[in-house]
Amino acid sequence: MADGPARNGMPRAYEPGAVERRIYEGWVDKGYFTPEIDRSKTPFTVIMPPPNVTGELHMGHALTIAVEDLMVRWHRMLGEPTLYLPGTDHAGIATQVVVERQIAADGMTRHDLGRERFIERIWSWVDEYGDRIHRQIERLGASCDWSRRRFTLDPGPASAVRTTFVNLYRKGLIYKGSRITNWCPRCRTALSDLEVRHREQKSGLYHIRYPLEDGSGHLVIATTRPETMLVDTAVAVNPDDERYSNLIGKSATLPIVGRSLPIVGDEAVELGFGTGALKVTPGHDPTDFEIGQRHGLETLNVLNLDGTLNENAGRYQGQTVSEARENVVAQLDEEGLLDKVEDFSHAVGRCERCDEVVEPIVSDQWYIKMKPLAEPAVDAVVDGRIAIVPERFTKVYLNWMENIRDWPISRQLWWGHRIPVWYCECGAQIVDMEDPTECPKCGNADIERDPDVLDTWFSSGLWTHSTLGWPEQTEDLDYFHPTSVMETGHDILFFWVARMIFFSLENMGEIPFHTVYLHGLVRDPEGVKMSKTRGNVVEPLELVDMYGADAVRFALTTGTSAGNDMRLNEQKLEASRNFANKLWNAARFVVSNLQDASGLDGWDDLGVLSHREDRWIVSRLNRVAAQVDKHMRGYQFGEAQREVHDFLWNEYCDWYIEMSKIRLRSESEPSPLPVLAHVLEKTLRLLHPFLPFVTEEVWTRLLEALPDSPDQPDALIVAPYPLADESRFDDRAEAEVGSVIELVRSVRNLRAEFRVQNNDRLSAGFAVSDGATVVFEESLPFIQSEARIDLSLSGPLTGAAKSSEAVQALRAGTLTLDLGETVDLDNELERLRSELADLQKYSQRLNRNLANDNFVSRAPEEVVERERERLSGTRDRIALLTDLLDRLGG
RNA sequence: GGGCGGUUAGCUCAGUGGUUAGAGCGCUCGCCUCACACGCGAGAGGUCCGAGGUUCAAAUCCUCGAUCGCCCACCA
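The opening position of the first sequence corresponds to residue 8 in this note's numbering, with each subsequent residue numbered one higher.
A portion of the hints provided could be inaccurate.
Unchecked claim - Cut-off 35 Å, straight-line C-alpha distance, at most; resulting in silico cross-link-like pairs (DSBU-like, lysine-lysine):
1) Lys848 / Lys809
2) Lys589 / Lys448
3) Lys37 / Lys589
4) Lys668 / Lys539
5) Lys402 / Lys37
6) Lys209 / Lys347
7) Lys48 / Lys402
8) Lys579 / Lys536
9) Lys376 / Lys448
10) Lys209 / Lys539
11) Lys402 / Lys347
12) Lys48 / Lys637
13) Lys178 / Lys378
14) Lys376 / Lys178
15) Lys448 / Lys378
16) Lys579 / Lys589
What the hints assert, rightly or not - So the derived label-pair ranges between C-beta atoms look like this:
17) Ser538 / Glu409: 28 to 34 Å
18) Glu32 / Glu533: 37 to 43 Å
19) Glu341 / Gly279: 28 to 34 Å
20) Met115 / Glu533: 36 to 42 Å
21) Glu318 / Ala394: 52 to 58 Å
22) Arg206 / Pro458: 29 to 35 Å
23) Glu318 / Lys347: 30 to 36 Å
24) Glu869 / Glu837: 37 to 43 Å
25) Glu409 / Leu85: 32 to 38 Å
Since the hints were made in silico from the structure, they are not lab data. Every residue gets a Cβ at the ideal spot worked out from N, C-alpha and C, and that includes glycine.
With these hints in hand, go ahead and build the complete structure from the sequences.
This is the structure in structure tokens:
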């Protein structure tokens, strides 16, 4: 029956597309996402990691939003003023590269357009993509406060950038230095170490002969970069290397160029590597640069900024690195100076954004002095003011922060926050909050602004306070800062999280957030990282269209835990969609039964429950609420979600709804409707953080069918989160209904085993071991209907069983099922004997434990007690079974 | 070279010392049973990577090893 009639306006299957937009607009219109500042309450604040403006959202963003929004919704329901602040990042280099690629399609470079027009071009992209991202975040259901939306280039955040730069400059923590940095020849900008990705690559290890000047022979050096030899300024050997120590102080002649190279001794040279002799190229290798510093060597540069060789390359000027490499090697070979070429594999650095090979080049760049900033950032984590979840990343963070090096912040790009430094011919550097019009030293009006922009992570690093108004002393900043949880991928722990920590401590004297929650990567079904080049990326919105936003979010938080990567596959999405549908249909059942029903007034605040089944489901609900609370507080979202999922499906739907059907038809039994409604309504609250749309929609329909109650919330999103009511815990009801369920299951089991037709009604007997038949009497109609039997609750069986009976020993008693035809007694005995054997093994194990004095004396009382109960229960069942076997003649 | 993580059912994964270790999907058998076939019922399926150890008790903690993966690091 794929398309039966809709009941009470609720279609047979949940249709996310029909409700999501309407629900979201409703939330926005009512202003639920905008918190009210209430000084008597502690707020809960999450700043959304700003997606790059020029990108589409990917699954990582969807995961981020799923996790953040579930925390945010949970806290909002806990009654905390909750701010979830959205924004976007101008993403300097990433955006510039994207737009450069776009204009490259028209055969243009940014230089053809010029700075101004190029930036205009980027802005039109930003406008388009910014809106697109906004809509995507909405479709995922993020309950973020759009009235506080920020962009890194907005005046506010820009002023935070300017203020931070000026302050750090004045404190001497920002300086300009000339040293070796990573240079991307394609982007033509400097990069920080973090922006360089290393990848193993095969290349040759070239062994080159450097003749000794005294004519006594030659040294062989090994290099992977033969073309850089053109600007070698020394040869280095390890002073402890017996092969060469006598050469220190002598000189060698640089092949091709003919320059005289001093032979120096330096510890940095590895004894075991290559030939033990190192060509020193301070201009193009960080190690060599340091050797050069130690020995006062000249630093020569052979590369232009576009990666071609410059005038220092002589006849190779103008060639690319790879052309020059080939040609230099060929010349060396011709001159008989190429000793040999070995196969070699080593890590080559590439630009994170454009994948071009990065060249170490000496250049003038602005740096932040990190040591003074890193120390308080280390302390904040060490002393626990900031907690990192999962905890293991604490060590990763500390290790990085403790070994941090100065951060190059200038980028030779056009898109970003321009460096607020002006230069005057008189040599003055002007750094101020206001743009200067003349040099304060010499009065010259002819001053020029630094053409470079700041690393995009400079502004991102200020995000927690710049979005709240800093450097202005705003009410938002005062109230919402420090923020509560920073939730993001562990891949940007250094890029972003670490920098927010030291910037916030520097600017605000305050930690930026109390907790860092790091999630893993979303991988494809084969476990491969999603990337555009591999073509295995999945668009979140396509999935939202197919399965609904709830299902996508639910799938992303299913079976995941902090810090661990996850694979997303169709099965997970389908299972999640099915769960939303299950909820929908349970609600459909309840709502349809509520129509025209009376006696519902107590649904909201249940009083004393007269029916055991009611006490059972309410007890279970509250236990689940307790578990969910525990897991939510422990950032175990996957576990919290699983608890509610299992409760709704396996207890409420599978058993309580089925039980209620019998009672709904009965005239004598108390109506299950108030409890049916109550438990569903509370479950909707528990589920709302995980399935915001379907729960809100169902909630509205449910409440429409119920009588108003005094403190009924306006919408589920602002309904108080249900905390466990321990007075509703009911061990006895749980055990008793558990026995009823066991009885039904075991009849079904026998029916299936003996292949009884579905509509054959059998007769059965149940001898309750402790004589407390009242439990089963109360549920008799349910048991008879569910198990399709006529059940007699007569006393214990006596004498031999009928030859047509199958028997089973349950916890609560002995079940006898009359199959109506002769049972194969041998098989039946076999089945019972094997069950008996299992029970005996179990009982022996329990017995061994309890006979162990160490266990009894050292284990907690409750554990011992539990084991005793188990043993006694197991012994009862063994007695039952033994008795049965006797009577059956086994 | 350091550091971290994974290894649990056929597959993907939960499991934060204490039930006879769980879920989804897949598989087998039976069902369109008046909320739901995006479903219902019943099953099969596990030396929790290996070896030691700590503990009354280990998938869980420790040590060593295997294996896959990630991060960091200036062996050219």
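Legend entry - Pair hint Lys848 and Lys809, alpha-carbon separation not exceeding 35 Å: holds (29 Å)
Legend entry - Proposed proximity, Lys347 with Lys209 (alpha carbon, max 35 Å): holds (16 Å)
Inset, instruction - Assess, step by step, whether the Cα of Lys376 is no farther than 35 Å from the Cα of Lys448, and give holds or violated. - result: Roughly 26 Å between the alpha carbons, so the hint for Lys376 and Lys448 holds.
Inset, instruction - Could you tell me whether the CB distance from Arg206 to Pro458 stays inside 29 to 35 Å? - result: holds (31 Å)
Legend entry - Lys579 paired with Lys589 [C-alpha distance capped at 35 Å]: Between Lys579 and Lys589 the Cα gap is close to 15 Å, so the pair holds against 35 Å.
Legend entry - Holds or violated: Lys48 to Lys402, with C-alpha atoms at most 35 Å apart: holds (33 Å)
Inset, instruction - Take the C-alpha atoms of Lys402 and Lys347, compute the straight-line distance between them, and say whether it is at most 35 Å. - result: With a Cα-Cα distance of about 44 Å, the restraint between Lys402 and Lys347 is violated, given a limit of 35 Å.
Inset, instruction - With a cut-off of 35 Å on the C-alpha distance, tell me whether Lys48 and Lys637 pass. - result: At roughly 22 Å apart (the allowed maximum being 35 Å), Lys637 and Lys48 satisfy the hint.
Legend entry - Given hint Lys539 paired with Lys668 - CA-CA distance at most 35 Å: Roughly 52 Å between the alpha carbons, so the hint for Lys668 and Lys539 is violated.
Inset, instruction - Note whether the CB distance of Glu869 and Glu837 lies within 37 to 43 Å or breaks it. - result: Since Glu869 and Glu837 have Cβ atoms about 38 Å apart, the given range 37 to 43 Å holds.
Inset, instruction - For Met115 and Glu533, compare the CB-CB distance with the range 36 to 42 Å and indicate the outcome. - result: For Glu533 against Met115, whose Cβ atoms are near 39 Å apart, the range 36 to 42 Å holds.
Inset, instruction - Measure nothing beyond the straight line between the CA atoms of Lys402 and Lys37; if it is 35 Å or shorter, mark the hint as holding. - result: Violated: Lys402 and Lys37 sit about 44 Å apart, past 35 Å.
Checked against the numbered hints listed earlier, the structure breaks hints 2, 4, 5 and 11; every other hint is satisfied.
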